[in-house]
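For the record, the sequence lines run as chains A and B.
Going letter by letter, the first sequence gives residues 946 to 1187 in the working numbering.
Going letter by letter, the second sequence gives residues 8 to 219 in the working numbering.
Treat the hints as calculated values from the structure; they're not laboratory data.
Among these hints, one or two may not hold up.
[Unchecked claim] Derived contacts from chain B toward chain A, CB cut-off under 7 Å, selection only:
1. Tyr11
2. Gln96
3. Gly97
4. Val98
5. Phe100
6. Ser102
7. Pro103
8. His137
9. His140
10. Leu177
11. Val210
[To be verified] Covered stretches of chain A (chain B as the covering partner; in silico rule of three or more C-beta atoms under 8 Å from a C-beta of chain B):
12. 982 to 994
13. 1124 to 1133
Idealized CB from N, CA, C, for every residue including glycine.
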Amino acid sequence: MGYLEKLPQLDGVIARLECAEHLEDLQSAIEWLRDHYRVDHMVYHWVSANGEQYGCGTYDPAWVQRYIDQGYLRIDPVVLGCYQNFHPVDWKRLDWSSKSARSFRRDAMAHGIGNQGFSIPIRGPNGQFALFTVSHDCDDEEWAGFAELNRRDLILLAHYFNQTALKLAPGRAPEPTQPLSPREVETMTLLAVGYSRAQVADTLSISEHTLRVYIESARFKLGALNTTHAVARAMARGQIVV
Amino acid sequence: MIRYLYANDLARYPRLARTMFEDRADQFATRLGWEVSVDARGQERDEYDTLNPLYVIWEKANGAHGGSMRFLPTTGRTMVNEHFLNLTQGVPFQSPFIWECTRFCLSRDTEQGTAAALMLAGGEIMQNFHIRHFVGVFDARMVRIYNRIGAAPEVLGTSGQGRQAISVGLWEFSDAAQKQVSRVAGVPLDASRAWFDAAFGGVEDQPAISAA
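With the rest of the complex left out, here is chain A:
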């Protein structure tokens, strides 16, 4: 499936995340994404500094209960390898060599978690920590192909999920929408009226490299998957006027 075909649908799910009003909306979004990417599982899990937890995802509830009952949180190489860190991890890079990790893995596989996984740790404000994971049962080659194609989108989706979860967390004042700086507004406005990147860079007297970084950053603040999407969202939100 090509990137362009997928985009409008992904755009839709991000829009749904943005106007989500209940944590249950996250559950339906993650199920939709799991089906969309045709993977076995997708899971989002957060722990706040005071130990409050929230999770949604597609694991069998029997596995979730077993995970808690067995105290797997202290054994799971994914959690141990991601907690307090901020780099995304392919499960292959983790240390599965200990006896307890191997037996945990056997148990997980028996519950249909899959032999492949990609986990994205996220550090939120005030000690909040979240983990977004995609897992699947397939051979290494198929997995490498999937990861290569979708990794960046998944990293963005992980962050958008976390932002939504933070917004919906009980007792939390909603974070204001991240404003664009004047320079970013100019950038998005010029792109919206059809300037090429070279023309925008020239107009703003900056290099194309700097422009790429501005666009990258604006795209994330706008909750968008690519530049076209970012321009559309900036307009829809009234952050730029063309």
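Starting from the known structure of chain A, arrange chain B on it as the hints suggest.
Then chain B, alone, in the frame of chain A:
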């Protein structure tokens, strides 16, 4: 060799950690005269060291620090976004694909090629963690060294004069730049990759994960 250590891993390398913070005091306070805070033990730390950053460190043959830099994701708190917006045209950089690199430091007596080896490690991070750009805060005089290595940042702005000049700049690396940096560092690409894999686990060498 290059080590990649989160702050919470430093306790396992007490000598490396101590000499890194001492060398930072030497570079930023003693040599450059920046207004940084040096504690009674002669070590320089700032508030960003408390955020469990990732340090990339050149460890000399004797186990002491030879050079280092510090990374934080721009989706959280960063020095650039909190202190240097005046040098970025007011744009706070924020993206999972942009990491901040600060406190680039070289020990006075480190081996030749240390700066290049650190840049090579930066390239490993970009490639393996899918990072597109680094935004860095550095001693403006470092630009000469970065240029010589073949990993020149694009300087967005500079404040201060002389020794105290501080710049904010952007990096991205091509494969060609990576090869050039590898030559200058005297570190073959496969050695660089091996150090990275030693820290983060390799993908190739692991036995196939299976339920068996």
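These are the hints, each one checked on the structure:
no., hint, result
1, Tyr11, "9 Å, violated"
2, Gln96, "5 Å, holds"
3, Gly97, "5 Å, holds"
4, Val98, "5 Å, holds"
5, Phe100, "5 Å, holds"
6, Ser102, "4 Å, holds"
7, Pro103, "5 Å, holds"
8, His137, "6 Å, holds"
9, His140, "5 Å, holds"
10, Leu177, "5 Å, holds"
11, Val210, "5 Å, holds"
12, 982 to 994, "violated (count 0)"
13, 1124 to 1133, "holds (count 4)"
Checked against the numbered hints listed earlier, the structure breaks hints 1 and 12; every other hint is satisfied.
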